[in-house]
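Kindly produce the complete structure, drawing on both the sequences and the hints.
There are 2 protein chains.
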Amino acid sequence: MTEIVDRPAGASSKKPAPTRAASRKAAAPRAAAAKAATNGAPAPVVDVAALGELLLGKWADTRRTARALAARPELHKAEGLTHTEHRRRVFGQLRILVENGAVHRAFPASVGGADEHGGNVAGFQELVIADPSLQIKAGVQWGLFGSAVNHLGTAEHHAKWLPGIMNLDIPGCFAMTETGHGSDVASIATTATYDPATEEFVVHTPFRAAWKDYIGNAATDGLAAVVFAQLVTGGVNHGVHAFYMDLRDPETKGFLPGIGGEDDGVKGGLNGIDNGRLHFTHVRIPRTHLLNRYGNVDADGSYSSPIASPGRRFFTMLGTLVQGRVSLDGAAVTASKLALKTAIQYATERRQFNASSQTDEEVLLDYQRHQRRLFTRLARTYAAGFASEQLLEKFDDVFSGRADTDEDRQDLETLAAALKPLSTWHALDTLQECREACGGAGFLIENRFASLRADLDVYATFEGDNTVLLQLVAKRLLADYAKEFRNVNFGVLTRYVVGQATDAAIHRTGLRGVAQFMADTGSAQKAAIAIKDEASQRALLTDRVQTMVADVGSALKGANKLPQQQGAALFNSHQNELIEAAQAHAELLQWEAFTAALGKVTDPGTRKVLTWLRDLFGLSLIEENLSWYLMNGRLSMQRARTLGDYINRLLVKIRPHALDLVDAFGFGPEHLRAEIATGAERVRQDEARGYFRAQRASGDAPVDEKILLARGSHGSHGSKARGA
Amino acid sequence: MTEIVDRPAGASSKKPAPTRAASRKAAAPRAAAAKAATNGAPAPVVDVAALGELLLGKWADTRRTARALAARPELHKAEGLTHTEHRRRVFGQLRILVENGAVHRAFPASVGGADEHGGNVAGFQELVIADPSLQIKAGVQWGLFGSAVNHLGTAEHHAKWLPGIMNLDIPGCFAMTETGHGSDVASIATTATYDPATEEFVVHTPFRAAWKDYIGNAATDGLAAVVFAQLVTGGVNHGVHAFYMDLRDPETKGFLPGIGGEDDGVKGGLNGIDNGRLHFTHVRIPRTHLLNRYGNVDADGSYSSPIASPGRRFFTMLGTLVQGRVSLDGAAVTASKLALKTAIQYATERRQFNASSQTDEEVLLDYQRHQRRLFTRLARTYAAGFASEQLLEKFDDVFSGRADTDEDRQDLETLAAALKPLSTWHALDTLQECREACGGAGFLIENRFASLRADLDVYATFEGDNTVLLQLVAKRLLADYAKEFRNVNFGVLTRYVVGQATDAAIHRTGLRGVAQFMADTGSAQKAAIAIKDEASQRALLTDRVQTMVADVGSALKGANKLPQQQGAALFNSHQNELIEAAQAHAELLQWEAFTAALGKVTDPGTRKVLTWLRDLFGLSLIEENLSWYLMNGRLSMQRARTLGDYINRLLVKIRPHALDLVDAFGFGPEHLRAEIATGAERVRQDEARGYFRAQRASGDAPVDEKILLARGSHGSHGSKARGA
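Protein chains in written order, with this note's numbering: chain W, 35 to 758; chain G, 35 to 758.
Treat each hint with caution, since some may be false.
Since copy identity is lost for identical chains, a pair holds within one copy or between any two.
Claimed, not checked - No farther apart than 27 Å at their CA atoms in a straight line, the calculated lysine-lysine pairs in the DSS-like style are these:
(1) Lys687 - Lys642
(2) Lys92 - Lys634
(3) Lys194 - Lys287
Hints were generated in silico from the structure; no laboratory data involved.
Remember, it's a predicted structure, so these values are computed and weren't measured experimentally.
See the structure below:
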């Protein structure tokens, strides 16, 4: 196994003239560098501490507490364990969380919780710093299992089970997903049939595809479960309901009669969690184990529900799942931040292709391509972080009851379904790019990229498959589009946008007007100014979403009235466009969140640098979809050609502030835990240069054969060529 | 941990009318389905066996032998091992390779080899099927360590060490890379200073950054190494040379005096290989341990070389490294094929969102987005596979001596540097997309995606960092561009292209002409025909490469004459464009390889389907870079807008042949070893549907509450609503 072998284009083998300072101290004067990058204008300076506070957001103290906990070595991921060892370690770590009161905030005050929803998720998101397995195992126990008892159960259930769930006396499962129905909860096939004779439900798995699968805590640790099953009473199937079931004997840890299962075994990551399969053979549970907040069966078997519509009832019961998506969204952003801090730190120290020369060579971060790779992802991480904070506040508003109308809940669902796919995919992309940007060192587990990436991989498909979630968003956009034509109301598509964008006229005709206004001026520089302008970015991004939705909406008009098969086929023939429209919408939400956050920054230096970063994000989005803007006449060829250069100039402007921007994430070495983020590379580089300096000073340095050849003198050194 | 929760847009909850056959046998009539997709025209049929032979290429028998070996369970990756257990297992597997004569083909006949270079690499590429760690560990032992002794040593060295290397008596390292110089071999700092008094070299590591790092076999198994160091004699540094060194005592396995090291520990993958670090403190080795084919030191210390130029000598010595790149290129394609066969097989069986309904619902592969995700990658995999075969033949020509001029070697280097980045990145992308396309099941190690992805991750940065390799390609393209202006010669840029494209006039003016010819015809359908035409695809792809190179070439004109720093800065300001041009060039090579392979297909059905696949590849490339074509006036807005639809229509055409196209890869279950590729999903689906059928027939099925509500009859079933 070896690495690379010769110089890339651009890395001249000629020694550079010694015009630059021979070495720069570890605490390099960033402001001076910044000044150079701005052509002598006074360089902006980032107020790192204030920016850090802004990034911590509304629940800053909770996050700080969670990070202090996540910094403790006993909670850190131990690498190189077998999956069984890792599972044992993580189970032990859960107790530490309990002892530190880290996971009870969301539970009712009646059982010792704090009824605090946003703060609970904020703290949970930070756990990814310690070990993603710990985070997700905690999520299974308290965010899913406990939360289901809390939200779907009633007071008696709370009193009976929540204390044991909270203190981990009852490790449990959230048994919803089945092997045959990963994404389609409504079609799960497990049944719970009421038997009035004994006042019991009979829980049964009718066939292999109906086994519960990928269930955390199922393989070894779960003593109980909330099992989702079709509730049948009196010959009627009332749809999916949740049942509390004991799974294992607390003493022997063996399955109770009628219950069986399998271990899902090793996974691509998150091996600290014992995922497994469960099946039930006519298992009888008391009637009162139905978590009956939204649907009850009386002793005689009669069913009742506060929600008459079975469809609405189903979505209400599943509504608490949004918490998982909100949690993963923020955790993914945190992981991206960890990776970027490490990779950017290393890139400011690592020199390539000239370490033995007499002068400083550029560090990796001075290369344009390296800046492109890392800064575009840094910009998106900021955007995703600000959007994540907005989502969390919305979640807290709904779950606290401060704003929990049906419309609020739908908006929350849509927002989560839009943001979670983008942030989880972005985390995988960022972790991989950072790992590659650090070369072979990036692949060593000691530098954590590969470990985090493996663990976060499944974030893209659990708690809502990203592709399916984006289709839900698209469905909502289409519905809003249909409404728009009925009553000139813009719906969720523009609700977040317009709310924050009071200065811009963002309606379809208005946008067309903006596009016209931005017609070619004949000057490349003016064209660039027009694109980089905040209102123009907003107009371009918004116009794209609206037009894409309108285009698909028109194409699908009347699809509902076609026979089932043709309607579905028509829909399917536009599926790709629909998903792209949903993604464009989600990106616009991120851009708006970044822009809204900019409005909160008062320090002029910070504001200037963050504006560059926001522009980099906005213009990168436009660049990625440039063909759309060109095909649809929204940008001229001439203006489009200026975009790449303008982005390149932004990279140069951001370069001197890159370390500040990742330092604002506020991680200490106890959070990063990456060997190459420790400054070790700088120490090695300094030692190497010191060696060569001393050698030259001593006069002992061997002469390079190339230099001898250039001088035309071989003789005295005994070198001769045998051939041509 | 749970999965997704409700229906995506497009998946109607209405039951489809039972117009389709209720179930289809495992051996579904593909031709009939194909016929449906072609609107009743006689459907093409793929000759899977013949296509399979074409894909196996020139060394088909060697590949078959290698696959038979890779099918043996004792060579398979065992999942869930610790890295130390995995290392022991893989070391044992190396002996099985030796016993089966699987790794000696490239060595000289004089020591029992076969002097067979292409076949050797072909067989090596297939080892990835068993375990990538086994592949790379074999690559370290025989492809790097043994190969260095073979290519850089002389007859005496061969006789002395090759037998022990071949039979694994001497496990060894290829100690080139240093911690401080991942990519820059010319700057390694380890020295080998000749001492004429004792006729020894003194090998020394001057500082920490000069430790050898990421070295396979270094942590535990390596008894010897080929160490690369700066050769110093008589006060002159003659540059990097290779030295044979003993590392460990064969009995105690302890380091010999003066040698030390560290274990690189757990990595992101490939944990069957014991990578480590090595350092040397004034270690003395005999003069004759210099592998002296390209540079010798006489007893008196005088240096001689058959290659006068130190630069050329360096590149000649490093030239054998190209074998590693060729090997990884093919292995990456093989891994992509494994993933696609599994994911496409599963997607033809898996039903989502309707398994309990009375009729068949679409399988995953019927969804447009799913087709986009998998078929575009299938097309690229075919292209990468054909290109890989061309590269391997070129490699064999050069290494067999049949065509090994300097120009041939440079072309080989450039071709390998172009293709290896694309195929290794593509493998990571494909493995990830396939894993996500299989949802939670894709994350289980039993389905292999995550395991292969983790192991192949480092393929993107070892044996030449992909980004650095693309810069080498760009450098060559620029050099050819400069030559073109001197003597109207197109150089490597078009050498492969024009050689295969005798029917198209591919020179700059010709291309401009083609672009003009393709000006709008006013008809969307004609426009699509124009784009999909083979000559048009070639013209568009070639024009882009040439224009990008010309644009950067013009921008950089005179950069060499600027002062060093300004010249480098100018170069750096175009680094991103340069890398993009190199990538476009490599994609064109893949497209040409695919097109050349099409020319070998005689069966009309196979040819038709493969042409669709090649078109999908070509048009996807154009779609990915559509903004370039628009900005540069190569495609009109109108024509560009037809592209997406045309691609969507290709997906529909390819759909009925998808299984044939992956079956042609020729893998058996012993190669795939993925639970979801076994047909288990179909068995589960059939069982589930059988259950519901029987239930309906028996009259025992519970009635759905929604249906009761629709009928407006609740009474007899005891259901009542408590609220609105």
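Results for each hint:
1. Taking the closest pair of Cα atoms, Lys687 and Lys642 come within 27 Å of each other only inside a single copy of the chain (10 Å); across copies the shortest separation is 52 Å, beyond that limit.
2. Taking the closest pair of Cα atoms, Lys92 and Lys634 come within 27 Å of each other only inside a single copy of the chain (13 Å); across copies the shortest separation is 65 Å, beyond that limit.
3. Taking the shortest Cα distances, Lys194 and Lys287 sit within 27 Å of each other inside one copy (21 Å), while across copies they are farther apart (61 Å).
This entry satisfies every hint, going by the numbered hints stated previously.
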